[in-house]
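Trainee: Residues per chain, in single letters:
Protein chains: 4
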Amino acid sequence: MDKINVGILGATGSVGQKLIELLQDHAWFKIAEVGASETSAGKLYSYAATWAMNSAMPDDVANLTVKKCAPDFDSKIIFSALDASVAGEIELEFAKAGYKVISNARNFRFDPKVPLIIPEVNPGHINLIREQNFEDGFIITNPNCSTIGLVLALKPLEDQFGIESINVTTLQAISGAGFSGLTSLDVMDNVIPYIKGEEEKLEREPLKILGSLADGKIDFAGINISAQCNRISITDGHTECVQIKFREKPSREDVIHAWNSFIADPQEMMLPSAPRRPVVYFDDPYSPQPRKHRDLGGGMTVAVGRLRDCPIFDYKFTITSHNTVRGAAGGTILIAELLEAKGFLTG
Amino acid sequence: MDKINVGILGATGSVGQKLIELLQDHAWFKIAEVGASETSAGKLYSYAATWAMNSAMPDDVANLTVKKCAPDFDSKIIFSALDASVAGEIELEFAKAGYKVISNARNFRFDPKVPLIIPEVNPGHINLIREQNFEDGFIITNPNCSTIGLVLALKPLEDQFGIESINVTTLQAISGAGFSGLTSLDVMDNVIPYIKGEEEKLEREPLKILGSLADGKIDFAGINISAQCNRISITDGHTECVQIKFREKPSREDVIHAWNSFIADPQEMMLPSAPRRPVVYFDDPYSPQPRKHRDLGGGMTVAVGRLRDCPIFDYKFTITSHNTVRGAAGGTILIAELLEAKGFLTG
Amino acid sequence: MDKINVGILGATGSVGQKLIELLQDHAWFKIAEVGASETSAGKLYSYAATWAMNSAMPDDVANLTVKKCAPDFDSKIIFSALDASVAGEIELEFAKAGYKVISNARNFRFDPKVPLIIPEVNPGHINLIREQNFEDGFIITNPNCSTIGLVLALKPLEDQFGIESINVTTLQAISGAGFSGLTSLDVMDNVIPYIKGEEEKLEREPLKILGSLADGKIDFAGINISAQCNRISITDGHTECVQIKFREKPSREDVIHAWNSFIADPQEMMLPSAPRRPVVYFDDPYSPQPRKHRDLGGGMTVAVGRLRDCPIFDYKFTITSHNTVRGAAGGTILIAELLEAKGFLTG
Amino acid sequence: MDKINVGILGATGSVGQKLIELLQDHAWFKIAEVGASETSAGKLYSYAATWAMNSAMPDDVANLTVKKCAPDFDSKIIFSALDASVAGEIELEFAKAGYKVISNARNFRFDPKVPLIIPEVNPGHINLIREQNFEDGFIITNPNCSTIGLVLALKPLEDQFGIESINVTTLQAISGAGFSGLTSLDVMDNVIPYIKGEEEKLEREPLKILGSLADGKIDFAGINISAQCNRISITDGHTECVQIKFREKPSREDVIHAWNSFIADPQEMMLPSAPRRPVVYFDDPYSPQPRKHRDLGGGMTVAVGRLRDCPIFDYKFTITSHNTVRGAAGGTILIAELLEAKGFLTG
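Chains as they are written, first to last, in my numbering: chain W, 1 to 347; chain U, 1 to 347; chain C, 1 to 347; chain S, 1 to 347.
No lab work stands behind these hints, which were simulated from the structure alone.
Just to be clear, a hint being listed does not mean it is correct.
To be verified - With a Cα cut of at most 30 Å, we get these calculated BS3-like pairs of lysine-lysine:
id : chain 1 : residue 1 : chain 2 : residue 2
1  : S       : 217       : C       : 245
2  : U       : 245       : W       : 201
3  : S       : 201       : C       : 245
4  : S       : 67        : C       : 249
5  : W       : 249       : U       : 201
6  : S       : 43        : S       : 67
Said to hold, decoys possible - Beta-carbon label-pair distances, calculated as ranges:
id : chain 1 : residue 1 : chain 2 : residue 2 : range
7  : S       : 284       : U       : 252       : 45 to 55 Å
8  : U       : 249       : S       : 298       : 43 to 53 Å
9  : U       : 270       : W       : 222       : 52 to 62 Å
10 : U       : 50        : S       : 263       : 44 to 54 Å
11 : C       : 46        : W       : 269       : 29 to 39 Å
C-beta: ideal position from N, C-alpha, C; glycine also.
This is chain W alone, in the form it adopts within the complex (with noise of 0.2 Å):
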């Protein structure tokens, strides 16, 4: 079978460069085109970025030539990796001309046409696509880093017992905060106490990726959740400290195994980026950690361990996610597989 072309917008980006990484050798997609912003245009990729990923940057790639983010592309089916100050206009006039974009930015992530997806958890908002006025094209979105991690451990708790409110407070990865974001000086032996708007990301993107979607539309969760966001100096992998109430407390043993007994459509159907298994819970008191425990599932597994009674809500737990993989790169990149085996996308 022929892979599948596709753009990858932003491009040089951390984010962009994630993707690169993922999905070199990918068994579906090949990168047939990248975009980024006009001082980069023209120039082959190898000059125009500044590679920041482990692997080697691939060679196929290193030689393409930069194109600008304008709706000129081959490819039909369009990753964005852009930065929210231009995501906006650019993703639109893409989806405006044909184009299928799946985008890693926020801008589109409340739109009520858009879907805003984890394909464990909400794979049938896809089609939520439907009641967007673009011929072909679309504009789907990817959540926030801190997002993704949390709403998976949830999943399985809202639908077998039914979730009241949630409390949350973040230890995150500098490498979420994109190239630029800090200096190395700021984290250094520190703490950060304040990450701009994710703390409203996070109370806010689980209850559209856990609502229901019916009549073109979709009813937002009724979950409380509060949020309390940190940087600190770790390289990748967000840990989230999490406070649970039930609309109804299950025993311990029926948590754990809601977690460990998870899987959805992703797994059912083989994507390629799929984990074997989306949530993973550890018994050891010091699990999760980060570094342990990010690359677990190639870096798209859930690591969740310490729950406990909780004397204020029903229990108290942590999770370690990987933030640049199954947090960006990584989720985008499963989604467009969902949208494929879906037939979103080629069918």
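Fit chains U, C and S to the known structure of chain W by using the hints.
Mentor: Structure of chains U, C and S alone, referenced to chain W:
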């Protein structure tokens, strides 16, 4: 005035060394004797201790011969930095033998006759020592490092508005783990989501400290506390993400004013180690930060910031305090100063 | 083909764990027995070991019962990851009893009858074991972590141009210190300018490895080496800043070509753990970097960069290599593969 | 005595902020004016600067209105913390207009009429300003951060024994890179083996500083220097691994005595920022360490340790110095103090 001779038990450990560093050139106290384990006893302190403080080992302490931790010290005032595994027995022996023991260990913190003191918070609780059945001796204790920062920030709020519940997630420095608590590989580029016994201390100690003393016993405060404790890769300074529910919600301005105007006995009595202000609120959303604020007030001030509404509790805020100064050695010294000023030591 | 059973001595320590991790799914070898100290003996490995690797403990090893390190193993091939304090006596006992011991400990490295092997550098030295007076058993040793990376980079230069002197300053990762070597407080936000015994190893081991074997003894290489060794705050990957004086100075191009074209027995025999290229030169002035390059070639390749003229020596350059893979466990396994391929194990 | 008004150019950058922090409560100087780029000019300093120091921004500076960097300052004494990209032109304008400019920028360091000063090393070189063709103004420069620590340690050795060659490998802190020099992801869990222009500075600046002034020009010292420079993950404090070849090898005791007995003009004149001892040797093999020793002498003392024989040079040793205090802002202030004490400023 002649300085008051004091002895230090557990003088070679990390809290012991910090006590020595902070008592150097102290206005009132002079280290006359140091005690440690049998393997150290009989050696010069400079040989027995693997000095890990950033300042140089004080010459006069370097030349002291380490004694066994037996109650034959000449100094009647004893700072105990002993490990909990031995502190219980030894401190009791000293108290029985007429020594006034100010302890940093956890062993007697919940003994009904032993005060658990933060000098700005519950100075009156020192009267509880009158209930102890030793002739001249007594035991008085300093709380856990993460407790002290938190309760200092809570005290003016409890006094003025009444607290119903507290939810707290900590990001704790490695210096709190003692010299041998963690290997460097454990915590580097990592988060350890579990600190043995820490959550229990943080949920329980504030209730005694904020309780009221009447008829020779302490009535614990009726506050519901839930804690989650993490070790992160930072040298010094604990950060705590706090949520608070009041009996009646005050305005944001009133809360900030309560912190910034808070002073207590140590400030009014101008104790040598008392900071001018025990709590300082910072308006900048990126504050507090442990590297920037841990040395505030000589490491004795708690920095607070990010007060904002909470969808679940009334408010969220973040605090940072120096875990080995205010949270351990400095806190112990301030208790001794309070005792002396109130006539309990040499009065 | 049936896999070859091997035993691991010192299986609960950091090198032992890395051996277990790397031998998981090995093409030729299967861990059949694990040995450790008396306190661990008799327990299941999963209980005896505090597993510190990032990947999960392999199930089959988890269920092995830990044995004492006495020569009653069924497996005749033994990997020793013992601490130097006990390795000497135990390894000798095993060799006398007919076991083929491949050791990572330093004890026998300078025994005149014991080969000190880097498979790409001095594969022929394995014949030195014929001088050992054990019937079937022998001892063969793996060099120190900082030696291996350096000598791999030196070998093609010594062969082609002849080396007169080497000056090297190291920046070494903490994983090389073993689990209990350093506390996290020591090295965080710090440099430790001294590693006991390390400079001596780095100045002396290369001379034996690059020496020539004739008449049953090794004639040490006549290179003058000076080393300075530092521990820095990094998880994995040793960086070495090297200066070299040749017998006759080659061109920069010739040096780079010597590195990039270097292959040896392990590559030609396609040993399972052999990297495609043992040494790779990077042109980018910001290379090599330990985080980016330590996993090159599965952690078995040495990354080199920054070759430039030196005002004192002929050239300066920088190398990075993975200290626990190529520099310890992986290096040991590659020796075993070389031995098997040359008929010294089961042949 | 009234304090002397000074102006600071580049006041919002990292060196500018450190100058402001160190000049707070200075015995002789008072910051009367601050200059920065056009985008900052006209704003209050508290708004224009993103304050990154650990101590609080001084109130009096916070309320200064930032000026453009044009020579219309009232203060005749100017500290320049300008970036090299603009320092050349601006400093020249100020000097021509009669300002006395003490610069931390590299632009004029090798101008034959501009002194490059470390007050303890070459105080007499300040007379070189007499060769400058400005009426009242002049330019005087402070060396690079890694140069200053090294040359302070070399000066007493050069004076007493004569140095033939120096080989140095640095492990430099990130604070030396300025606020935007490195992203936090670059350096975390990593080493960057290249700092643009740094090795050239370190090989060349010492020759001018250790040179001799005669007939209005400096005769460079005849020392052969080779440098290798690395950036590591540490907040403050440069470590330098040094090898030295003397004209005639002195004993180890003589070298250590030369360091420990070294004092110079700043100590004899008791300049406010002069440390009691510019160089201190530590016997402990684990010293010097940047976290432990960077604040020695208020950050103005160089810590030295590990003096030992070298197989290639005469000796090896390690030094640590505070890169933003002695190596930048503090060094600049000490030059100004020297100038004032010698009558070059207000005399």
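Trainee: Next step is simple, just say for each hint if it's right about the structure.
Mentor: The hints, checked one at a time:
With a CA separation close to 36 Å, the supplied pair residue 217 (chain S) and residue 245 (chain C) exceeds the 30 Å bound. Taking the CA atoms of residue 245 (chain U) and residue 201 (chain W), the gap is near 23 Å; set against the 30 Å cutoff, the hint holds. For the proposed pair residue 201 (chain S) and residue 245 (chain C), the alpha carbon gap of about 23 Å is at most 30 Å, so the pair holds. Distance restraint check for residue 67 (chain S) and residue 249 (chain C): the Cα-Cα separation of roughly 56 Å exceeds the 30 Å cut-off, and the hinted pair is therefore not satisfied.
This hinted pair checks out: residue 249 (chain W) and residue 201 (chain U) have alpha carbons roughly 26 Å apart, not beyond 30 Å. Between the alpha carbons of residue 43 (chain S) and residue 67 (chain S) the distance comes to roughly 8 Å, so the proposed pair stays at or under 30 Å and holds. For the pair residue 284 (chain S) and residue 252 (chain U), the beta carbons lie near 52 Å from each other, so the given range of 45 to 55 Å is met. Range check, residue 249 (chain U) to residue 298 (chain S): Cβ separation about 47 Å, and the 43 to 53 Å hint holds.
At about 55 Å, the beta-carbon gap between residue 270 (chain U) and residue 222 (chain W) stays in the expected band of 52 to 62 Å. Remark: the range hint 44 to 54 Å for residue 50 (chain U) to residue 263 (chain S) is contradicted by a beta-carbon distance near 32 Å. Between residue 46 (chain C) and residue 269 (chain W) the beta carbon distance is about 35 Å. The supplied range of 29 to 39 Å therefore holds.
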